[in-house]
Amino acid sequence: MDWSAALHPYAATGFLTSLITLAVGCFVFVQNRKSSIHLSFLIFSIAIAEWSFFTALQALPRNPAWSFLAAKICQIGAMLIPVFFHYFTLKIIGRDQKPILRLGFLLASINIFAIFFSPLFSAGTRSIGGINFYYKAGPLYILCVIFFVSYVLFAIYQLWDEIHSSQGARKKHLEYLFFASLAGYGIGVVNFFPVYGIIVPPFPFSPICGAIYSCVIAYAILKHQLFDIEVILKKTVIFAVLFIAIYSAVSAAVYFATAFFASKNVPLLSGISIALAMLLYEPLKKTLTAVTNRALFQKKIPYSVLVQNLTDRLAKIHEAGALAHEIVDFLTQQMGLDWAGLYLKTADGLHFRLASSELKALVTEFGMESPVVRAAAEGAKPLILSPFDTEADQALEKESLRKLKVEALVPVLVEGKLDGILLLGKKLSDDVFTAEDAALLETLMEELGMFFLSARLLKEATRTHLELGQRQKMAAVSKLARGVHHEVRNPLHTINLFALATLHNLEIGRWHPASREEFSQDIVYRSRTMLEEIERIKNSLSRFAQFARPQQELDCSPIRIKEASERFLALMREAHKMDGIQVRLKIPETLSLLAHEGVLQEIFFNLFTNAYEAMQGKGEIIVEALETSDACEIVFSDSGPGIPREILSRIFEPYFTTKTRSEAAGIGLSVVRHYMEILNGDIQAEACGPLGGASFRLRFQKASQVAGKKAA
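Okay, so the sequence shown: first residue is 163 according to the numbering used here, each after it adds one.
These aren't lab readings, by the way, just hints derived from the structure by calculation.
Treat the numbers as computed from the prediction; the structure is a model and nothing was measured.
Errors might be hidden in some of the hints.
As the list claims (entries may be wrong) - The calculated DSS-like cross-link candidates involving lysine-lysine, where the alpha carbons are at most 25 Å apart (straight line), are:
| # | residue 1 | residue 2 |
| --- | --- | --- |
| 1 | K579 | K543 |
| 2 | K567 | K543 |
| 3 | K565 | K543 |
| 4 | K724 | K748 |
| 5 | K234 | K298 |
| 6 | K700 | K196 |
| 7 | K724 | K864 |
| 8 | K864 | K748 |
| 9 | K333 | K565 |
| 10 | K196 | K234 |
| 11 | K700 | K739 |
| 12 | K589 | K543 |
| 13 | K260 | K196 |
| 14 | K748 | K780 |
| 15 | K589 | K333 |
| 16 | K780 | K724 |
Sequences and hints are given; from them, build the entire structure.
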């Protein structure tokens, strides 16, 4: 054994390739032993390692017999490499072609047998390129070459075919794998030429291509999104230009220095060259990095900043539909997505319905048994579809997502239960979803759950507040009913008396001798009186019904403020709430606002009740209305104790109250604010008004403004 031959480039690169490839294959497999992709890569790496090890070994022996044996063993790996490459490719693209794989193993086995036992395949050894005993091909060895090339090309074609049916990051990654394989095998195939006595560069360094190719693919698998192309390209550009620039500068300096000094002081020239290279390196690197970033890559916003920006925007929204629209719009723009869609669980809990989307053709609804819903329900974190993720785990779900062209899925969990599904399409740049993107989506998943929980709680609280407000109002209805009973009973009594008297007079013939004119006047008087009493009954019942019924859909119309205020005060008088209260109205006769009569009455009721309880049933209230350039304002002031300034900012919060006893304590003013928002208005409180007590300023839409818009 000639160990000095180990220094030959062919032997050295062969051993290095074997060591690196085997180490990389084992490392990848250890990262995920359950993955068939990782396992197939390990087997593929072993085949490359076996070929490269015995390729190097055949250059060492002094005995041609041992070299010939090592060369034959080397051919085992050479015949298995294309088959295992095809197997690895099938795992990458997620296809099953067992018959073709079996045929490949059969043909490889036949070739190996022929290489070992037939001189038509193995003709002996020859001296070439500094190697004493290199494998010499027989006349039929060309069949092995054809098998190798054909099988590799078939696997590469499979990649090419999959590229055409893919999109986004997966397509980009498969393209990279395709071109990497094309380049790797394009260089590796030159190892077949020396067996025919032909040397083609980069021989004798060609075995190293196996190690380089293996490392590239390993990095792709471990990244699970086949490498960050941007990082690789950026570093390649920077350091390639950096090397060329420094090499050129130093070479030029040495050339001119040599021309002048005639190589008389070589150590000095070497020192100057090293110093020049050191001085140029850092400034050039910074300049090239800046230029490359500016010319080739967009500056990315840190994901922590994105989360903060989104949180700031969502904090102002309290309705689920509006939240969904804002989330989709924000992510589509900030992450540069082709599309995004957010699905929310329906009220019956049977479907997830599209709440907002940047793609019109998106599926509008998923049933609970949908693979998409199952994928979201089974995941405790965002699911990013790796280009190489073809494992059996959630295979059906992932295939369904790929058909929808989904690149990432984010489950929205509210109190630990799936409440929404966020689907993200590919990036417009075709870049991959990186580890940083995954961290962003995981943080978003937690944030979105909290925001949707907040929206749900607020909706439930608002409904509860309105129900409590209605209950509080109905408590007053029982009191109002007594007043209404009195208001209705008196007119009915009058009508009854007039009707009975008319019938009695007709029966006894009282009007018989009377003139026709006297009879007509009497009947007209009685009829008008009865109609007036009937109108009194209708008005009383209308006010009562309008106040008592809960509001559903609002149909706003112009309302005269003074008339509405007087109708409300009439109800309060019937309920004997005005006995100790003096109310002054400072309202123009014709001033109108846009509202719903029932809602306006409820706003008045809650403000009146708040003032009544604050003044303990005795005091003064001023209701003043005025018109501004863009609104109608009503100022409701009382003579109560006022509002402490330290709690002024909290009085509209649900359940906040300074009262000690109240059936619906703390909901009156929150209901008023809710109704004002429904009416597109606003309410503000002042701690001390004109009467020394609380004062509330309500801003309504002007009826004239709405009329103007309709006319326009």
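Hints versus structure:
Restraint check: the Cα-Cα separation between K579 and K543 comes to about 13 Å, which is no more than 25 Å; the hinted pair holds. Our distance criterion of 25 Å between C-alpha atoms is met by K567 and K543, whose separation comes to about 20 Å. A C-alpha spacing of about 21 Å is found between K565 and K543, which places the hinted pair at or below 25 Å, so the restraint holds. Taking the CA atoms of K724 and K748, the gap is near 9 Å; set against the 25 Å cutoff, the hint holds.
Note on K234 and K298: the hinted pairing holds, with a Cα-Cα distance of about 10 Å set against a maximum of 25 Å. For the proposed pair K700 and K196, the alpha carbon gap of about 81 Å is over 25 Å, so the pair is violated. Straight-line distance between C-alpha atoms of K724 and K864 comes to about 15 Å, which keeps the hinted pair within the 25 Å bound. The straight-line distance between the Cα atoms of K864 and K748 is roughly 18 Å, inside the 25 Å bound, and the hint therefore holds.
Of the supplied pair hints, the one linking K333 and K565 holds, its CA atoms being roughly 14 Å apart against a limit of 25 Å. Of the supplied pair hints, the one linking K196 and K234 is violated, its CA atoms being roughly 34 Å apart against a limit of 25 Å. Taken as a hint, the K700 and K739 pair is honoured in the structure, with Cα atoms around 22 Å apart against an allowance of 25 Å. Simply put, K589 and K543 have alpha-carbon atoms about 20 Å apart, close enough for the 25 Å limit, and the pair holds.
For the given pair, K260 sits about 20 Å from K196 by alpha-carbon distance, which is consistent with the 25 Å threshold. For the suggested pair K748 and K780, the alpha carbons sit about 20 Å apart, so the restraint of at most 25 Å is met. Restraint check: the Cα-Cα separation between K589 and K333 comes to about 12 Å, which is no more than 25 Å; the hinted pair holds. For the proposed pair K780 and K724, the alpha carbon gap of about 23 Å is at most 25 Å, so the pair holds.
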